[in-house]
Amino acid sequence: MISLYDTARQKVVPLELRDPGKVSIYVCGPTVYAPPHIGHGRMALVYDILRRYLLWSGLDVTFVSNITDIDDNILKRAEEEGRPWDEITVKCEGIWWQGMERINVMRPDLTPHATEYVDGMVDLIGRLIDIDAAYITSDGVYLSVSVVPDYGLLPHQSLDDLVEGAGERELVGIEKRHPADFVLWKLAKEGEPSWPSPWGDGRPGWHTECVVMSLDLLGEGFDLHTGGLDLTFPHHENERAQAVALGHKFANHWMHNGFVELEGEKMSKSLGNVKNLLDLTEQYDQRAYRLLVLQAHYRSPIEITDTSMTQAEASLDRLDTFARRTASLDGVSRPDDIDAFRQAMDDDLNTSGAVDLMFRLVREANTAIDSGDEQAAAGAAATAREMAATLGLEFETSSDDVPAEIQALADQRQAARAAKDFAKSDELRDELAAAGWTVEDSADGPVLRPN
RNA sequence: GCGCGGGUGCCCGAGUGGUCUAAGGGAGCGGCCUGCAAAGCCGUGAUUCGCGGGUUCAAAUCCCGCUCCGCGCUCCA
30 MISLYDTARQ KVVPLELRDP GKVSIYVCGP TVYAPPHIGH GRMALVYDIL RRYLLWSGLD
90 VTFVSNITDI DDNILKRAEE EGRPWDEITV KCEGIWWQGM ERINVMRPDL TPHATEYVDG
150 MVDLIGRLID IDAAYITSDG VYLSVSVVPD YGLLPHQSLD DLVEGAGERE LVGIEKRHPA
210 DFVLWKLAKE GEPSWPSPWG DGRPGWHTEC VVMSLDLLGE GFDLHTGGLD LTFPHHENER
270 AQAVALGHKF ANHWMHNGFV ELEGEKMSKS LGNVKNLLDL TEQYDQRAYR LLVLQAHYRS
330 PIEITDTSMT QAEASLDRLD TFARRTASLD GVSRPDDIDA FRQAMDDDLN TSGAVDLMFR
390 LVREANTAID SGDEQAAAGA AATAREMAAT LGLEFETSSD DVPAEIQALA DQRQAARAAK
450 DFAKSDELRD ELAAAGWTVE DSADGPVLRP N
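Going by our numbering, the first residue of the first sequence is number 30, and it counts up by one from there.
Take the hints with a grain of salt, since some may be wrong.
[What the hints assert, rightly or not] Keeping only pairs whose Cα atoms sit at most 25 Å apart, straight-line, the calculated PhoX-like set for lysine-lysine is:
1) 105 with 218
2) 40 with 105
3) 278 with 105
4) 304 with 120
5) 51 with 40
6) 205 with 215
7) 278 with 40
8) 105 with 215
9) 105 with 120
[To be verified] Derived Cβ-Cβ restraints for the label pairs, each shown as a range:
10) 359 with 469: 16 to 26 Å
11) 156 with 382: 40 to 50 Å
12) 229 with 85: 29 to 39 Å
13) 184 with 385: 27 to 37 Å
Please keep in mind that the hints were generated in silico from the structure rather than gathered at the bench.
Nothing here was measured: the structure is a model prediction, and the numbers come from that model.
Where is the CB? At the ideal position from N, CA and C, for every residue including glycine.
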C-alpha cells in the first residue's frame, strides 16, 4: 500500500483504508471567482497523479472535489464588476474545467457545489449550537474552538501560539468569545444572496461547507483529505474542529502539496502573464507542466520559469520521438520494472523516481531498436508506456497529416538525394523547415514531422 | 516572534548513515551513425551536497548553531 506524509502525524505512514480495496479522497477544490492560476494547476495535477496511480493499482477510488460557489470573494468580485454573483461562478467554473481538461486532469467522481449543501450546513450548525460548541452573535454563528481539545493539531501550534502570532491583527470580533473562534454562518447584509436558517437569512462559512460535503459524500473516517499547503490552517483545522466537536471521526490522513513559486524576478520578467493556467497551456506544450510537477516531489516548492517549461518541452520531444519509433512494437510490461515503479510511487509518491525509471526504459528501448533487437525494445517500450499512462502523460505518436505540397517537396528532396544532388536536397530541406516541417532520414526512409 | 517546508552540478531536480567514485531530464562539449543533418546511442561534467561546529569506523543523509528562500499564524491551491 502507498505511504504518504501525514500532516497531522508529521511523518510518512501507510495510507490506511477504512474499507479494504476502497479509497475515499476529498480534495479541496477551487472557489470560483477567478480563472485558475498555476498553483491550482499543480494542486490538481498532484492529486490527479495520485488518483491515477491508485486506480492503476486496482483500488476502487472515490475522488471528491468540491466547487466553492458561494463565498466572500465571489460577492466581492460581483460587486466590483456589477454582475450577478452566480453568473461569475458559472463562468469561472467553466473556465476551471477547461483548464483541467488542458492539463489532462480527470474529472472527479463527484463535484459537490456548496450551494447545493446549505441544508446540511444549517443542520450541522444547529447541532453545534445544541451542544454549546457554537454560539450566535449579531452577525452570525461562531464555533467555540475551546471545545476542541486538540485544536492546533494540523498547524502544530497551540491555541495560544496561534493567537499570539496574529499580533496586532484583529482576530477578536467584538462578540467573539475567543480570538480563534471562526464563523460558521454569516448573516446576510442588504442585497447579499442568502439562505434561510433559524438564526436568520445568511450564507455558510467556507470551513462549514467542506466539512459537510466531505462527510456527506464520504462518511466518517474517510481515508484522505488533501489540498494546498496553505489550507492546512485555518481551513482544514477548522473543518476538523467542527467534526470533532460533534464527536465525528473526520479524515484519517492529511496530505498537502507544496507551492508554486513565481515571485522571483527572473520569473515575472520572462513569464509575464503566465500565472494564469490557461495562458501557460497556450504558451507551452499542454503536457509540459505535468512533466515538471512529476519531476519534483509534491511537497517541495517548484519554480515555474520559461526555462523550466522549455526544458520540459524538450523532454517531451524525446518521449514523443521514442513513442513514434516504438509505435509499431507490441510487447508486454516487464514485472521487475513495474515493481520498481510501484515501489517509487508507494514511497510518498516519488514521482521523480518513477519518471527516472521511465526515461531509463526509453533509452533502453532506443538502444535495442538501434541494435535491431525488436523484442527487447518492445518489452522496454511497453513498460515505459504503462508508466507514462499511469502518470497521466500522453505521447504524441501520430504526426499530423502531411499536406500534399509538403509531401511533394519531401519527394523532390528524396529524388535529389537519390541523384546525389545534395545542394538541391539541402535547399529543399530548408524549404520544408521554413514551412514548419522537419524531415528525418531514418532507416525506413524520410519521416516528416512538424517542427 | 512562533510553527511547517526547502537550500544538491551550467539549469531543473532525485537521493535521508556505507551499494554516493551523488539518479533522471535539459543545455554544452567530444565521438559513433549520416552525403551533411536530424533523431538515436556512447563518452564528458558536482572529489562534492547553503555556512560553521559536533556524533560516528563511516554523513548530502543524524545532532547543535547560523544563514537564505517559501508557506502558515489574515481570504488563498
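Verification of the supplied hints:
Under the criterion of a C-alpha separation no larger than 25 Å, the hint pairing residue 105 with residue 218 is consistent with the structure, at around 13 Å. Note on residue 40 and residue 105: the hinted pairing is violated, with a Cα-Cα distance of about 39 Å set against a maximum of 25 Å. Between residue 278 and residue 105, the direct Cα distance comes to roughly 35 Å. Violation of the 25 Å bound is thereby established for this hinted pair. Our distance criterion of 25 Å between C-alpha atoms is met by residue 304 and residue 120, whose separation comes to about 19 Å.
Pair hint residue 51 plus residue 40 holds up; C-alpha atoms about 23 Å apart against a cutoff of 25 Å. Distance hint between residue 205 and residue 215 is fulfilled; the C-alpha atoms sit about 13 Å from each other, no more than 25 Å. About 20 Å separates the Cα atoms of residue 278 and residue 40, which keeps this hinted pair within 25 Å; it holds. Restraint check for residue 105 and residue 215: the C-alpha separation of about 15 Å stays at or below 25 Å, so the hint holds.
A threshold of 25 Å between alpha carbons decides the hint, and for residue 105 with residue 120 the separation of about 16 Å falls inside it, so the pair holds. Take residue 359 and residue 469: their Cβ atoms lie about 23 Å apart, and the range 16 to 26 Å holds. Taking 40 to 50 Å as the suggested C-beta distance range, the pair residue 156 and residue 382 conforms, at roughly 46 Å. In this structure the supplied range 29 to 39 Å is violated for residue 229 paired with residue 85, their Cβ-Cβ distance being about 49 Å.
Between residue 184 and residue 385 the beta carbons are some 34 Å apart, a value that agrees with the proposed interval 27 to 37 Å.
The structure fails to meet hints 2, 3 and 12 from the earlier list, while all remaining hints are met.
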